[in-house]
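Enquirer: The chain contents come next:
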Amino acid sequence: MAHSDEKSQSGGKGSAVSRRRFLSDVARTACGVGLLGMGIGLYSRQAVSLPALALRPPGALPEKDFLSACTRCGLCVRDCPYDILKLAELGEEVALGTPYFTARKAGCEMCEDIPCVPVCPTGALDHDLTDINESRMGLAVLSDQETCVAFLGLRCEVCYNICPVRGKAITIERKHNIRSGKHALFIPVVHSDSCTGCGKCEEACITDKASIKIFPTELAKGKLGEHYRVGWEEKARAGESLVTPDQEHIYNLPEGQSYDHGGEGLIMEESQDSPFSSNPLDTLNRGF
Amino acid sequence: MTMKLNSRPGVEAVATKGFFQAYKWLLLRRLSQLSILGLFLLGPLAGVWLIKGNLASSLVLDTVPLTEPMLVMQMFAAGFIPLSTALWGALFVVAFYLVVGGRTYCSWVCPVNIVTDSAAWLRERLGIAASSSFPRNTRYWMLALVMLLAAVTGTMAYEVVNPVPMLHRGIIFGIGLSWSVIIAIFLFDLFIARKGWCGHICPMGGLYGIIGKISPLRVRADRREMCDDCMECFVVCPEPHVIKPALKGADMGNGPVITAGECTNCGRCIDICAEEVFNFGYRFNNQSKESS
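Chains as they are written, first to last, in our numbering: chain A, 1 to 288; chain B, 1 to 292.
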């Protein structure tokens with residue numbers, strides 16, 4: 001067909017001239033296509049780098065595998081009941097045609113039946129994901145302690161309350177407010193073992209620009225050197241201290257007082273020989 | 001040999017057969033292309049989900065998957081084994097085009113065809129003769145390149161530039177800057193190379209051409225002895241080299257069937273021929289009448 005056509009065009013006698021022409025034609029096409037290929041290859045390297053704030057749907061394979069698997073058909077987009085996903089258009093930073101969502105605009109609602117996943121025809125969204133709490137779309141990071149109002153000593157806890165894995169992915173840790181000296185800070189703390197990266201916290205964050213953001217887990221997560229051993233964990237595993245024998249710490253406290261570390265704190269025993277009378281006037285009259 | 005190229009192609013056909021007979025297959029093709037787009041748009045625009053997704057992958061009536069075969073090939077080249085849904089989808093698509101002719105996709109389904117046909121029409125109206133020539137088998141090189149890119153990068157690298165799904169997805173999901181690529185293809189076909197994209201470069205066309213090599217549904221030049229050498233079929237045909245062996249090959253013992261996989265079954269030759277040389281038919285009974 002194309003072959004026989006070419007032959008008839010170039011004489012088809014296998015002469016030196018037609019062979020030369022054939023070879024130069026092949027070289028020309030190969031070079032042209034090769035140059036184009038180099039261009040596309042290099043462009044694609046840039047075009048497939050996912051910007052940090054673009055999140056893949058739940059169950060998405062690691063980015064490189066995802067880009068070898070996603071047909072860009074948009075079925076996940078169609079089956080998202082909340083219209084959160086969109087396909088990247090040309091000119092956006094996300095690889096052309098692939099699905100993503102932006103947490104600040106609208107986070108994943110974490111549907112229990114995860115309708116976007118089973119509809120994926122290739123498995124670019126992993127069908128083994130059946131429990132939405134197991135999904136890891138990214139990791140919430142309280143990225144700005146200077147703007148998060150909890151660090152200013154204000155009560156907010158919006159991220160904690162909106163979190164679909166409430167009380168697990170984000171907990172509120174009480175810290176002493178050094179500035180006022182008499183209040184507590186209610187600090188949201190993210191736990192990577194429970195955070196799905198759905199983005200609800202970033203969507204809901206009350207500051208003008210979100211102070212808590214979802215980052216790709218790769219970007220957000222550190223890694224402790226493997227040689228690190230955490231003493232108290234090793235101790236718990238061994239059932240006893242591995243270094244020196246355990247000695248209970250003795251607090252230097254007035255009589256009748258004790259300190260329960262990690263528990264009730266300072267404990268005042270009700271005793272008769274307290275320096276303070278039950279009637280404060282007595283104490284004052286004594287000139288203490 | 002009477003060459004009537006001074007009049008525009010199609011004038012004679014309209015005069016002898018009437019407008020609708022002279023544009024029958026073209027109109028049917030446009031109807032097919034637009035209806036397919038319409039079916040895909042019916043979901044997002046009217047909430048009627050007969051077919052969901054786009055030409056890359058879709059779900060018909062929420063049950064039958066369809067997948068573009070070149071995408072599945074790229075997945076394998078990139079080292080990813082897709083789920084059976086995608087494999088079945090590709091199988092259905094390949095099976096369908098094995099029957100109706102591979103490049104039937106190009107002329108009856110692909111939305112880029114409307115763009116390149118318009119460019120070809122305008123090129124002819126404006127009388128732009130100059131065209132840079134490069135071989136039509138470039139598309140097979142491109143197909144090899146697409147697979148090589150997938151293998152080397154481990155991703156479907158060609159899909160960040162592939163204009164065919166880009167246009168179709170753009171129409172259905174939002175076009176972004178993709179229109180610029182479509183305009184580029186239009187201008188390329190108009191000013192740089194005649195039928196450059198669909199007829200020379202597009203690797204999807206290349207793959208469908210390979211699929212269509214053995215398909216039974218064919219254009220036949222059954223009345224080729226009536227040919228009066230007006231050459232209009234060669235002018236309108238997107239792949240003119242496929243016509244010659246069937247139309248002019250009687251002396252060489254060639255049958256009347258256009259056997260080349262590159263024929264897009266567009267039927268323009270049937271429309272344009274005032275002598276009604278061509279018709280759709282099967283590839284069987286491909287004996288030269290003279291010899292039988």
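Be careful, since some hints might not be right.
Said to hold, decoys possible - Covered stretches of chain B (chain A as the covering partner; in silico rule of three or more C-beta atoms under 8 Å from a C-beta of chain A):
1. 64–70
2. 83–93
3. 126–137
4. 164–174
5. 177–183
6. 265–277
Said to hold, decoys possible - Just a few of them, taken from the derived set where beta-carbon distance is under 10 Å, the chain B residues facing chain A:
7. GLY38
8. LEU42
9. PRO44
10. MET75
11. ALA77
12. ALA78
13. PHE80
14. VAL146
15. LEU148
16. LEU149
17. THR155
18. VAL161
19. ILE201
20. PHE234
Derived by calculation from the structure, the hints in this document are not laboratory data. Only a predicted model underlies this, so the values are computations on that prediction, with no experimental measurement involved. Glycine included, each C-beta is placed from N, C-alpha and C at the ideal position.
Enquirer: Which hints, by number, does the structure contradict?
Expert: 6, 7, 8, 20
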